[in-house]
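J.: These two chains come separately, so use the hints to put the complex back together.
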Amino acid sequence: MTDAVSKPGYIKFRREPDGGLVYDHENYGYEDASMYAVSDTVIDVLEFVDDGRAREEVEAEFSAPIVESLVDKGVLTHGE
Amino acid sequence: MESEPYSAPVTITWEVTLGCNLHCDHCLSGSGPGKQRPNELTTEEAKAFIAELDEMDVFQVNIGGGEPFVRPDMLELLEELTARNISTCVSTNGTQLDEATLDRVEAMDPLFLQVSMDGLRTENDAIRGEGVYDQVVDALERLEDRDIGTTVNTVVTRGNVYDLPEIYDLAEAHGAGLRLNRFRPSGRGEDAWDEFRLEEEQIRYLHEWLEDKPDVRTGDSFFYLNALGEVRNNTLKQCGAGSLTCLVDPVGDVFPCAFTQWDHLASGNVREDGFQVAWDEIASLRSQIDDHEGCPAVAMGSSDPNGEDPQLRAILSGD
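Going down the list, the sequences are from chains A and B. Residue numbering for the first sequence follows the numbering used here, beginning at 26 and increasing consecutively. Residue numbering for the second sequence follows the numbering used here, beginning at 23 and increasing consecutively.
This is chain B alone, in the form it adopts within the complex (with noise of 0.2 Å):
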């Protein structure tokens, strides 16, 4: 990690609202219908922070939510950050793509799109909801149709991990790629923790299956080693919270990551401090980040919140 901060995050996730039409049992950040925020920014107010971003050189935003598409200035939005050059990424559960929000969205450059399937039919509705994963795939055809850049995202769980291979295929099959991402107990994910969170041997044929994939992304300082503790690839997969990104909830909020939303680990508010103070503060919590070997969120998520990340550790001692 280096010494000193940067003078700006290099990529942010912004949730910019807790409302969904969806109610996944493992949402990270508990959103659902009516779970929106009464004072969420407002869209003169997101401007403004988008504003704030591109004159601080962010360079990538990743919108997150609840449902991003839910929010009826979303478009707006999402065009004002590309107007500015800033790479946006939007994490979508698929459910709200209709022609006219894809006609407008095929025409954003750059602008890619995370669709989420958490499995096959019968485990991603299980968990997302009846219906959702027809809708999904009739989304990725759609997004396929237009030639819009789109990533299959999975949360990798007990239920769905050995069906990876065929969730791999199925994104490959409509030209979109694969990005994995880790079960965390936060937000819903708190309560489904024992029920979602991997069991040591699918850790580790996770990690065996990964070594064959080379082209599938992942996110997390979980995937930064292989299944032998060995250090994968080049890339930036070590924890970057509150050190090259940061999370903004839908009232202006900021913390490390979207993981690590607690009080104690809040930062500043963008509408109130301006997303740089912000920024400047959470230098500041960085220690208490750092603490943490592996994924911060999931060692101060488990049962000792001072210690390490007992996934990782699974990995590193094998046992």
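Same shape as in the complex, but just chain A (with noise of 0.2 Å):
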């Protein structure tokens, strides 16, 4: 069986002059949002995951490093 990777629909993300935001929240208010300022590169993955891809081919495409430590943060997660 395939294993997927996704980004959670509570996480948003965009690209910035100079990197990109992940903002990882549900419901009212933000102070008790998390957010990161990230690379261009995770911007580049989160638009190359989209709603759900295998993650040998996210992890071909950029790294397994990469995939590993965006499932940890839970930017991203199992399944789609």
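Because the hints were derived from the structure by calculation, they are not lab data. Keep in mind that this is a model prediction, so the values were computed, not measured. Think of the CB as a built atom: it goes at the ideal place given N, C-alpha and C, for glycine as much as any other residue. Mixed in with the good hints there might be a few duds.
[Said to hold, decoys possible] Once the Cα atoms are required to be at most 25 Å apart in a straight line, the calculated SDA-like pairs of lysine to any residue come out as: (1) A/K98 / B/G296; (2) B/K69 / B/G296; (3) B/K235 / A/R39; (4) B/K69 / A/K98; (5) A/K98 / B/V238.
[Said to hold, decoys possible] Label pairs and their computed distance ranges (CB to CB): (6) A/P90 / B/P327: 34 to 42 Å; (7) B/E233 / A/P33: 22 to 30 Å; (8) A/K98 / B/D216: 24 to 32 Å; (9) B/P236 / A/V96: 19 to 27 Å.
T.: As structure tokens, this is what we get:
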């Protein structure tokens, strides 16, 4: 069975002039949110994953450590 | 705080109307029955604004008022936001959530509701009106039945601070989270400031209670620190007014946050200038906000408008 990764719906991201932002939050306000300033590569990964991709495909395009790190942070999750 | 402003806010608060069926004593925006402004954004103007938010990649929109659901087009606007996958959060007094409204709300994603409850029955109804507490509890039951993501929002006051454990239990019993907001001297809260603001002993009680409740959501820099003045956790509990967030009022004027709606901090209008222009301008106001430690709105609304947030100082100094 192919292991897939996807971006949870509550994770938002966008490019900024220098790198990008990843925002992790549900519900009202923003003070309880987590937000990370990230590199262009992370934004590239998130755009590539879109609604879900095979993990090995993402790892081949970028790298296994990058994917692992994003899964660890909850920015990507297993499954579609 | 970032040295370079972001291209767009991370999140905004959009007060869609000053109309409300309630007339709460501490209302931050001074809303109430008949308080709608004659030139509030029309449906078409509001939709154009939403399109610009989408274009600018704003992650999250917090809808407030007034009571948002007294706007006849509110559901239409929420559908417009969620269809664009903008995280949409609505702060409501909970009295307008009939079944037909909930049918449409239930179908929207990502959408979250925040229902106001400012105490148990006696305290809540003294502030928000007779019978409102029971209506809110009824709404919480119906929201739970439909599994609609809900948070109970409590503005912590002198009268309800010791009821927080029971409010927490009540929210939890309905599958809802609890979010605390600080009472601030804004709107009618300016007149009620001395009546409702926490005393120092209560500030310490509140922060100690929060230590045991890491799942309670909190707003503003006041909650960034614990009772010992230590950073509680690694989230965005800093003041983001004008840097991460801003406020758009019912006629489209843009301010750093909901509690700093003062003329000298206005930075443009979404209808006349477009939101991007207003956001770009707001960076120049940021220095006026940065001058205040803690919540600038509390500092600027207190007896020394150029000073720091006196309640935060109470935590830091322990006096």
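J.: Are the hints correct? Go through all of them and say.
T.: Hints, one by one, checked against the model:
1. For the hint linking A/K98 to B/G296, the alpha-carbon distance of about 36 Å lies beyond 25 Å, and the restraint is violated.
2. Restraint check for B/K69 and B/G296: satisfied, since their Cα atoms lie roughly 13 Å apart, inside the 25 Å limit.
3. As the CA atoms of B/K235 and A/R39 are separated by approximately 32 Å, the hinted pair breaks the 25 Å bound.
4. Restraint check for B/K69 and A/K98: the C-alpha separation of about 35 Å exceeds 25 Å, so the hint is violated.
5. For the hint linking A/K98 to B/V238, the alpha-carbon distance of about 22 Å falls within 25 Å, and the restraint holds.
6. Remark: the range hint 34 to 42 Å for A/P90 to B/P327 is contradicted by a beta-carbon distance near 51 Å.
7. Distance hint check for B/E233 and A/P33: the Cβ-Cβ separation is about 29 Å, which falls inside the suggested range of 22 to 30 Å.
8. Distance hint for A/K98 and B/D216: a CB-CB separation of about 45 Å, inconsistent with the stated range 24 to 32 Å.
9. Against the hinted window of 19 to 27 Å, the Cβ-Cβ separation of B/P236 and A/V96 comes to about 24 Å, which satisfies the hint.
When held up to the earlier numbered hints, the structure conflicts with 1, 3, 4, 6, 8 and fits the remainder.
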